[in-house]
Structure formats: structure tokens, C-alpha cells
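Residue numbers (the numbering used here), protein chains in the order written: chain U, 42 to 389; chain W, 19 to 588.
Worth double-checking, as some hints may not be accurate.
[As the list claims (entries may be wrong)] Below are the EDC-like pairs computed for lysine to aspartate or glutamate, each with C-alpha atoms no more than 20 Å apart in a straight line:
1. LYS319/U - ASP340/W
2. LYS319/U - GLU173/W
3. LYS355/W - ASP483/W
4. LYS196/U - GLU569/W
5. LYS319/U - GLU332/W
6. LYS319/U - ASP309/W
7. LYS196/U - GLU332/W
8. LYS578/W - GLU173/W
The set of hints was computed from the structure by calculation and includes no laboratory data.
These figures come from a predicted structure and were not determined experimentally.
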Amino acid sequence: MQLTLDEISILCVYSAMVVYAIAFIAFSIDLAKRSAAATAATDAALVEAKQAVAVGAASDATAGTGSTATAAPGASARPSKTAAGTGTGAVAYGRSPSLRVGVAMTVLAWLLHLTADVTRGFAAGRVPWANMYEFALTGTLIITTVFLVVIVISKHDLRFLGTFVTGLVLVLLGVAALNFYVSPIPLPPALQSVWLVIHVFVASASVGLFALGFALSVVQLMQSRREALLDTAKAAKATFLATLPDSVTLENLAYRVNIIGFIMWTFTLMAGSIWAEKAWGRYWGWDTKEVWTFIIWVVYAGYIHARATRGWRGSRSAWLAIIGFSAVLFNFTVVNLFFKGLHAYSGL
Amino acid sequence: MSPQSDPGAPSRPADHIDSVEPDAAEASVTGPKLGFVGWVRFGWRQLTSMRTALLLLLLLAIAAVPGSLVPQRSSDPNGVTQYFDDNPRLAPILDSVQMFDVYTSAWFSAIYLLLFVSLIGCIIPRTKHHFEALRARPPRTPVRLSRLAGFTERELPVSTGSTSDAAAEASIDAASKQLRQAGYRVERYALRGEPSVSAERGYLRETGNLVFHTALLGVLVAVGFGGGFGFSGQRVIVEGQTFVNTLAAFDSFNPGRFFNDTRLTPYRLSLENLDAVYETRNQDAIGQPIDFTAHVTVQGQQGEAEERTVKVNEPLYTHGTDVYLLGNGYAPTITVKNAAGEVVFTDAVPFLPQDANLTSIGVVKVPDGMPEQLGMVGFFYPTQSELTTGAYTSSYPDLILPVLTLNVYEGDLGIDEGTPTSVYTLDPSTMEQLTGGDTGVDSIELKPGETAELPNGLGTVTFDDATPESSSTDAADGDYSQSVPRFASFDIHHDPTQIWVLIFAALILGGLLVSLFVPRRRMWVKAVTKPDGRVVLEYAALARGEDPGLEEAVTSFADKHAGPRPSPVE
Ligand code: HEM
Chain U
42 MQLTLDEISI LCVYSAMVVY AIAFIAFSID LAKRSAAATA ATDAALVEAK QAVAVGAASD
102 ATAGTGSTAT AAPGASARPS KTAAGTGTGA VAYGRSPSLR VGVAMTVLAW LLHLTADVTR
162 GFAAGRVPWA NMYEFALTGT LIITTVFLVV IVISKHDLRF LGTFVTGLVL VLLGVAALNF
222 YVSPIPLPPA LQSVWLVIHV FVASASVGLF ALGFALSVVQ LMQSRREALL DTAKAAKATF
282 LATLPDSVTL ENLAYRVNII GFIMWTFTLM AGSIWAEKAW GRYWGWDTKE VWTFIIWVVY
342 AGYIHARATR GWRGSRSAWL AIIGFSAVLF NFTVVNLFFK GLHAYSGL
Chain W
19 MSPQSDPGAP SRPADHIDSV EPDAAEASVT GPKLGFVGWV RFGWRQLTSM RTALLLLLLL
79 AIAAVPGSLV PQRSSDPNGV TQYFDDNPRL APILDSVQMF DVYTSAWFSA IYLLLFVSLI
139 GCIIPRTKHH FEALRARPPR TPVRLSRLAG FTERELPVST GSTSDAAAEA SIDAASKQLR
199 QAGYRVERYA LRGEPSVSAE RGYLRETGNL VFHTALLGVL VAVGFGGGFG FSGQRVIVEG
259 QTFVNTLAAF DSFNPGRFFN DTRLTPYRLS LENLDAVYET RNQDAIGQPI DFTAHVTVQG
319 QQGEAEERTV KVNEPLYTHG TDVYLLGNGY APTITVKNAA GEVVFTDAVP FLPQDANLTS
379 IGVVKVPDGM PEQLGMVGFF YPTQSELTTG AYTSSYPDLI LPVLTLNVYE GDLGIDEGTP
439 TSVYTLDPST MEQLTGGDTG VDSIELKPGE TAELPNGLGT VTFDDATPES SSTDAADGDY
499 SQSVPRFASF DIHHDPTQIW VLIFAALILG GLLVSLFVPR RRMWVKAVTK PDGRVVLEYA
559 ALARGEDPGL EEAVTSFADK HAGPRPSPVE
């Protein structure tokens, strides 16, 4: 039996989903192991602290290992807030096999995903991002690509984001394959434009960056809650968070990812306007999709301002990044499917 | 504005994260005892603070939401009408708070105008300050560098026969030179006999930020004026017809506030033909449009006629106007003769498409030459097929089996009073229906080239076959492909400020890139005499704003200047 290109593409999509699922499981196991490691470190620190007290020695030893040791009497090990990086109860965490399996599976899934996307493009005889199914296919591919690129170039070990990334991609890809699939059909005249290639591609890339920024902001909020607990000398539960960068580092990383996303989004908005001018004779008309593109842009502009505003840096600005990405998801799903407008490209 | 402890620092609103926190005691003293001027100043400072800008941005985002939930008059007038029909109680309430005109509403405008006032209040002092900073010397080297970012030390290389003082001077000279080459502005200082260089770079960051914010203002102004000087008009042209760019020739016309019609260049635009290509092979997309191309000739008052094309996504820019192909359809040629056999009507009548397969509706109005005025409402099916209910529909958008059905009305067309009526609708309230519906008389049904009798012996109606004489086959042979002319609906715009919007948009993007990626930093190199008399070189830097690469920059400069650190000191 001869498979058509589109059938090959679909086959690859489903295979990629299976491999993403395996990667997701591996990353989740890694997170569980991190929690276990954190708990173990805490216990070790407690034992050490007790011994330190017993021999009446200075409590220097505990300072390095973990601030949870503050529960121990006499130990003045609570690290000062200014201590960078490892000070806030961080637990060193080596390389875990499950983390490596997770990354390897993500790379494999990415290859399948890429094949699916490329064959889909050939099947349709054009760029594979002209309807909702294709946009989801390419958009999720870009999310994975951004993730893989970031873990390669970042100075920090960001592989822990794998659970979020593979989970998100798996869900979006699944929804797209099951609900949005349409067979490849030619482009209507309104979509035949280089701006389709540019505008939509850059939009997908910014979505990939915003997704990572979102994940980092969420972890940042969790981390800063944990740090606040440690600061007030309450015993924080030892979780995987102990093995991750501190909240300030996470915030800086999120900011860097988000501003690149923001610049791309700015470009998306402008390229969209130029295209709208060519296709519809006006560059801006407050069509629903334009409205949401604008809203997202303004929310992220707010986020950047918040970072520079006293009293707003930290958790508050993180919430804005989270709201921003929620608006991105809303724009892609609800606005595409249920709102009326000129951008009726879902193909459904 | 804020206390200027650091003249080289960019001027920022007082609540900017990099600004010096105002003294709490000072603030509470000045707080309650403000005079009028004090209050104005206080209010202005509030309005131009980062917090206000942030708040207004978030408000703007929220205020934009309802416009996507409720149809807007500007983009979807029919949707608004529908909404009023569907929600007769809610709609007037929403209308009273301008929910159908969100983006021109008082409240939306208030938010963005306040935001832009705040923006102006923010950029003016910053621009002024930035110009001063551009001319200012890099600030004095701090007394203690060890507390600053990226602090590192290196041995001072002293060659034999030279004093350490001379070596220090030479080394600082070299550092100045290297820093200047790296794009820093440098200034030598000597503190208590210790030579040092203070360097600053990245003024472009602040420039980019100011360009960005100013260009935002530029876009707003350009958009605000753009509508004023331009116009937009719509015109339907049937194949073979010509349009002259004058006010009277438009079907509808929306001038801007400052527009006058002497600005229209009366060029001629003729639609030679409109090519429509539909998918024929892909089973999942049969009949889907693939391409529309309007072949036109354009002729100015002087000069040759030029052949041009207009396509979706490829507008025609000519004589200062932009011509867009926004729609197309069929314009069956219909001829009506009265009982005496005289032609009382003949024209290609544009029929408005109702679905993807171009089932279309059109109206024929015959005001003169008949005993009473005559109106006809027609359906046109480019490829007729019959539903199980017996009703007709079109199953393909191209001309395979074109059929025209007409219902005839007699009476008063309501066009004599001079009130404008649409050419696409017929008001049957003052007319009597003669065919179709409940009349018991069958609707008239015609293929191209066919003629039918009008009821009551009123005369005849013909659906003319428009196939050109030269064509080898025609409707008589069952080839209908050219039997019905097409029409194109064009939007013709003129917007003199569009180019400005584009320029400002480019500045926004450029300013953004520069302001987010150019690091603004200071760096210092100092030759310090240690208590034991040894002289060492100290390096340190300070970030002005986000600067992830700062520490690395210091280390790599120190390595370049004095060689790598021999071994970690810790
Ligand atoms: C019209 C709405 C505004 C938008 C869309 C906007 C957007 C932005 C964006 C995207 C940035 C980051 C890029 C850059 O640094 O150049 C930024 C930075 C900045 N904006 Fe605005 N802005 C607006 C209004 C204002 C207003 C009213 C103020 C004054 C209170 C202001 C003050 C600043 C400052 C000081 C920065 C630099 C932040 C930093 O140090 O990182 N902006 N703005």
C-alpha cells in the first residue's frame, strides 16, 4: 500500500505524540527524584546540625547545606537574602538518568515532529501553517525547538522545564490532531502572500518564547513562595524546587525569554498590519484577532514596565507574564474557534 | 524631578527601580502641606510615574476586550444590527455605554489619551536629560570598587627600571585606549594619587528607549490625522466598463475630515476582464477559489493607457490612490422589452454572491417605458442544481450550467421621491408580485441566450449571452464559460499618512531592539596602592538597567588588559 505524504505526516504526528509522552514521564520522574534528593539533603543537614550542636561547634557546616537546618536549635544557618544562587536552601543535584532520557526522547520526538511538519508542507505544496491544524503543528514544533535551543545555549540548566514543555506540546498536538485536522487544501487568494510565511512564522516563534517565559514565571512564583517561607524561618517542604535556581535567577531568565518574545510579537503585529493593508485595504480595523494581538502586546509591555517599577518587580510582574501567556492561548483557541472576524482561517 | 545624586544616570520617574528611593521623612513633610502649585506638581508627578503608566497600560488592555466580545459598528455593522435583533433588551444598554464603538468611545479614548499625556510628561524630561548626559563626562571613579559588579584584581606589570607609579600611569593609559576602542567614553581621574579611568558606554540604550516611546506617539498622531486627509470609496465595475476617479462615480464614498474633492485625480480605470480560477482536482477542495486577477487598464489625463493587474493581496498603486480587489461576482446582462417590442432596459446587473458557490441575488428596476414601474428580484446560479426540496442552488462557482430565475413585481419602485435607494434591494411594499411565491405563476427561468414572456403580456425579458463573437464555441454548444460577465468590486483609498505610520513603526521596532539589547554600563580601572606598598589594578563595573553579560565583560576586559588571572585567589 502506498502512503500519501499527508498520511506519512499523520503517522509521524502520532509517533511524535507517543515519544513526547515518554519524555514527559521521564521528566516527571526526574522532578520526583529531585524532591527525594531535596528531602534527603534536608535530613542529612538536620543530622549534621544536631551533631554540630552536640559537639558545641560553630554551625558553619550547616550554612552550606541547607537552610532547613534552621529548625535545629542553635544553628544560625539561615542564609542571608543577598547570598546569590545557592544560598536560599538550594540543594545540589547531579545528573539523573531520567533527565537524560527525557531530553533524548524530546530530541527524538522533535525529529518526528519536524518530519511530520515538513511532509505536511510538501503534501499541501506550501508552508504548513495556513489553518488551525497546521498552525498548531508548526507552533508546537517551534515550542520544542525553542526549548531545545535554550537548554543548549543557556548558562543555567533549564532541562527541568521539560515536564512543562513536553506536557504542553503533547496536549496541544493531541487536541489539534483529534479536533482540528483538515486534509491539505490549496490556499484561498487572501492567504497567498509572503506575509503568511513571515507573519505567522514569527507569531509562532514568539508563542514558543512566551510559553517558556510562562513556565519560568510559574516556577519563579513557586520558588519565591518557598523562599519567603524559609525567610520567616518556617520549615518549607523539601520539594524539587530546592534543586532549581533561586527566584531572582528564574525571574531574570523569564525576562530575557519574554523580551525576545515581545520583540517578535511587535514584529508580528506590524507584519500583520502590512498584510492586512494589502489584503483588505486597511492596516488596522480592530478585527477580533487584531484586538487580541494588541491586548497581548499591551500586557507584555505592562510586564516590561512592571519589571522596571518599584514594588512591581518580582511576583507581580511574574503574574503579568502569566496573564500574557494565558491571553496568547486564549487568542489561539477560543478566539479562533468562537469569535467572528476576518481571520477565519481555522479551516474548520 | 527625582534627586539627582548621579548626574550620568538616565532620568527616570521617581518610582523607577533604578531611581533613588525618596527619603520617607522628606516625603511626609511635604505631603500634606502642598499649595496649589505643589498639588499640580504632585499630580503631574503621579501622572508621569511608572506606576501610572503601568496602570494605564493594564487598563488599556482590559478596555480593549469588550470590543472583541460584542460586534463593532466600524468593522461589523451587520453584526450590530443582528445583535440588536437578538438581544433587544441588552443591546440599548450596551449601546448607551458605547459598547458597539469601543475603540472610539469616550472611555477608551480617555485611557489612551491619559497614557499618552503621561508618556509626553515622561519623555520630555528624559530627552532633555539624555542630551545633557551625552555631553557629560563619565562620573568620578568610586573610592571603593570592591563592592561593585564583576570586581576583579590583577597584578600590575612593572618592567625593570621603571617605577610602579610610572607603570601605573602607563597601564591606565592603555586601559583608557582599549576602553575607547571598545566604544566607551572615557575620563581619567586621579584620587589621592591613585590613577584611574572611568568609562561609560551604551548611551544608545537610552536613545533607543526614547526613540521607541516617541515613535509610539508618532503612530498615534499619524493615525489620528490619517483619517482626516484621506478618503476611501467603493465602486463595482463590470467587465468592459470604465470608472473615472471622480466623486460622482463612486458607489459609496467616505471622505476624511480635511478632504476636498479637488484632490481627486480623474484617471480612468477600465476592467478588461476578471479571471477567476477554482480548484478542480483536489477532492477536498473542489470549487475553492485559487486565484482572482482583475486585468485593468489605467489612463491618466495625459498619457498612454497602461495595462495593470489587481489581485487580492496585490493592490494597484496608481495616481496617488490604492486600488484593492475586494470582491467579485457575476453581472448577468438582462434586456427587457415592452409589449411594443421597444427595449426599456438593458444592462449588466451585478448580482451579490450569497455563498461560496456564488448563488447570487440581484435586482432589476425598470422605471420607464412600461404601463407601471417594473421590478425584478433575481437569483443567479452559475452551476444550477436542485435540492431535494425542489429549490435551486449552485454547486460550483464557475459557469457550468448558469441559470437565472426572476420574480416580477409591478407598482411603485419608490425611486421618484429622490431619496436614495440601494440598487441591490427592492422594496416590495408598494408593489404587486406577479410571478413566484404565492402568485401561482412560475418564476421566470432563463439560460444565457434565452428569452421569456413577462406575465400579463407586459413584454419580454432576455438573459443575454455575452460570449464574444470571436469565440469558437458559445452557449448554443453548451459551453457557457464566457456567457455571463463578471464584476469586480474595488476599494479605492488614499491615505497620505500611511507612510508615516510605517516609518514610525520601523522606529518603534528599531528603538525596541536597541533599548533592550544594547547594554548600558560603566567600567572602572584603578591602580590601587595596597597597605604593603604593592600596586594592583582593580576592575569593576556597574549596570544601568538589564545587563546579563556585565561580569563577564569585566573579566574579559581585565584579561585583555593585564592578562588572565594567574590562579584563583579564593
Ligand atoms: C504608550 C504606552 C507605552 C508603551 C506601549 C510602553 C512600552 C514600553 C516598552 C515596550 C518598554 C521596553 C523597551 C524599552 O526599554 O525601550 C518600555 C520601557 C520604559 N518605559 Fe514605556 N511604554 C509606554 C508608556 C510609558 C510611559 C507613560 C512612561 C513614563 C512613565 C514610560 C516609561 C518607560 C521607562 C522608564 C522604560 C524603561 C524601563 C527600563 O528601565 O527597563 N513608558 N516601555
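Results of checking the hints against the structure:
no., hint, in the structure
1, LYS319/U - ASP340/W, "9 Å, holds"
2, LYS319/U - GLU173/W, "64 Å, violated"
3, LYS355/W - ASP483/W, "16 Å, holds"
4, LYS196/U - GLU569/W, "14 Å, holds"
5, LYS319/U - GLU332/W, "6 Å, holds"
6, LYS319/U - ASP309/W, "15 Å, holds"
7, LYS196/U - GLU332/W, "46 Å, violated"
8, LYS578/W - GLU173/W, "13 Å, holds"
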